[in-house]
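Below are the chains, spelled out letter by letter.
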Amino acid sequence: MKKLKKTLIYLFLSIATIISIYPFFWMIVSMTNKSVDVTQGRQLPGTYLFENLRQLFDQVDIVTALTNSAIIAVLSTFFTLFIASLAGYGFQMYRSKGKDIVFNILLLSMMIPFASIMIPLYRLFGRISQTAPIIGIDTLAAAFLPTVTTAFFIFFFRQNTKMFPKDLIEAGRIDGLSEIGIFFRIFVPTMKTTYAAAAIIAFMNSWNNFLWPLVVLQSPSNQTIPLLISNLGSSYAPDYGMIMSAITIATLPTALVFFFMQKHFVAGMMGSVKG
Amino acid sequence: MKQLTNKNSIGWLFVLISVVAITLFYFYPMFDALLLSFQSGMGANLEYVGFDNWSRLLNDPTLKQALINTMTYLMIQVPLMIVLALFFSVILNDPNLKFRGFFRTAIFLPAVTSLVAYSVIFKYMFSVDGIVNQLLINLNLISEPIAFISDPVWAKVVIILAITWRWTGYNMIFYLSALQNIDRSIYEAARIDGANSFQQFIQITIPMLKPIILFTTITSTIGTLQLFDEVVNITSGGPGIQTISISQYIYDLSFKYTPNFGYAATVSYVIVILVVILSIIQFKVAGEKE
Chain C
1 MKKLKKTLIY LFLSIATIIS IYPFFWMIVS MTNKSVDVTQ GRQLPGTYLF
51 ENLRQLFDQV DIVTALTNSA IIAVLSTFFT LFIASLAGYG FQMYRSKGKD
101 IVFNILLLSM MIPFASIMIP LYRLFGRISQ TAPIIGIDTL AAAFLPTVTT
151 AFFIFFFRQN TKMFPKDLIE AGRIDGLSEI GIFFRIFVPT MKTTYAAAAI
201 IAFMNSWNNF LWPLVVLQSP SNQTIPLLIS NLGSSYAPDY GMIMSAITIA
251 TLPTALVFFF MQKHFVAGMM GSVKG
Chain L
1 MKQLTNKNSI GWLFVLISVV AITLFYFYPM FDALLLSFQS GMGANLEYVG
51 FDNWSRLLND PTLKQALINT MTYLMIQVPL MIVLALFFSV ILNDPNLKFR
101 GFFRTAIFLP AVTSLVAYSV IFKYMFSVDG IVNQLLINLN LISEPIAFIS
151 DPVWAKVVII LAITWRWTGY NMIFYLSALQ NIDRSIYEAA RIDGANSFQQ
201 FIQITIPMLK PIILFTTITS TIGTLQLFDE VVNITSGGPG IQTISISQYI
251 YDLSFKYTPN FGYAATVSYV IVILVVILSI IQFKVAGEKE
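Top line first, the protein sequences correspond to chains C and L. Residue numbering for the first sequence follows the UniProt record's numbering, beginning at 1 and increasing consecutively. Residue numbering for the second sequence follows the UniProt record's numbering, beginning at 1 and increasing consecutively.
Simulated from the structure, these hints should not be mistaken for lab results. Backbone N, C-alpha and C fix where the C-beta goes; we use that ideal spot for every residue, glycine too. There could be a bad hint or two in this list.
Stated by the list, open to error - Label-pair distances were calculated between CB atoms; the ranges are:
(1) L/Asn45 <-> C/Arg54: 41 to 51 Å
(2) C/Ile28 <-> L/Val157: 23 to 33 Å
(3) L/Ser279 <-> C/Lys3: 38 to 48 Å
I would like the entire structure built from these sequences, with the hints used as guidance.
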């Protein structure tokens, strides 16, 4: 009876594993096969990898899309970490009644669905375009500016600041550091793992963001990777081998980050719930 | 005393950028959307139309379909995923289980994919000549391929399966870390009292995990109410409008059909209201059982 139960558990887990991993397997195998072979259900690696990649680089501007996505993701991650950690530190280290109230009001923004502010944001950036076209509609800046400051990350940094030893701050003050100096010279270097965890989540969010870039980026030269894949995916005669190469390339950065920084990855995810 | 107020104002400087940015990019747009919901027209030629947009809500077949679809996804997908995630986490929490780390990583792996990328993969896997149809035919479960994507019912099933694939492992991680905080001796005591594993699960695990189950239910609910990437990339809302989500309808109203920002803004308030109501209900339900 006990043995049966154990067998069932392993069977169940194996099936779950196959279902979880199969789409990745299929994606990678299809990248190496001709489109015709993919539609015929070929499950073995083929020899068409370089041809697919050549097609991809010839037919669609994936280099531009990768560059745009990378620029947006890097800047977005930098600003998210900078702005949110300043605020998280400020709310926790300089606590006052007023700040607690403001913090709770900011938290309310987590309940606001993006779809409901998308049109006003589009109008806002339309107006910005008239005075500062460099950050207006259809610019890379517009693709990340409204999404870099989120209550989630402020909350995340505030929670983590609670574990930061206050003695270090006093020591800094005695050494004559300014308040902002303490933040940059003591807090930031001490909290490296917190920053790493936040960076992973911020990078992933930005790299995978679809709806807002779809709204605000219009010209092909500003296309990001998710927009490019969505376009390829909706073509009437899809070249499966080529599309799977694009998807694999798009998935690679986040998959690598996950495998090499699993601990920080999970810490970042959990950051929103721990006490 | 002077130093104290000084520190307090320095503290405000630290939080200043965030307060300005969130006000500008969240709260102001919410206010603008409210104003827009009383206007009609396009671009700069907006005019106030009173409650026209709001009364149109009551008589909009597409919105009705979008609400039905979103609720269908919500009622089936969220419970299915939470139960599965709980189940996996309890099994994987057993320290005697072999290959624990491998199973955990494998089941979590879908969470690293981008929503657009996995949606396109699912669309192809479930196409008429796709791998799922080939598998079902080879197993003699069906004789003719099923048109998953163009059938109103199957298309919803595919969307639900896809979302479940992407998020089950993600939620499992939350439960696993919460399970590690439960004292093993509680289970020992229950076993001595003669409770079987199912009873232990219902009477110990579920109550202990209640806060985290509530948290994941609320985040999943908010996520499903905002569903966009999957529907757009798997079915584009089709066949017809049979799988359209509210977010997609807002997008279509603003950028695909003849742009109508005023009405789109009104529809967007439907999501806000739903998020608030459902979150309150979930809090209440979780609170009452205590």
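Compare the structure with the hints numbered earlier in the document and write down the numbers of the violated ones, lowest to highest.
none
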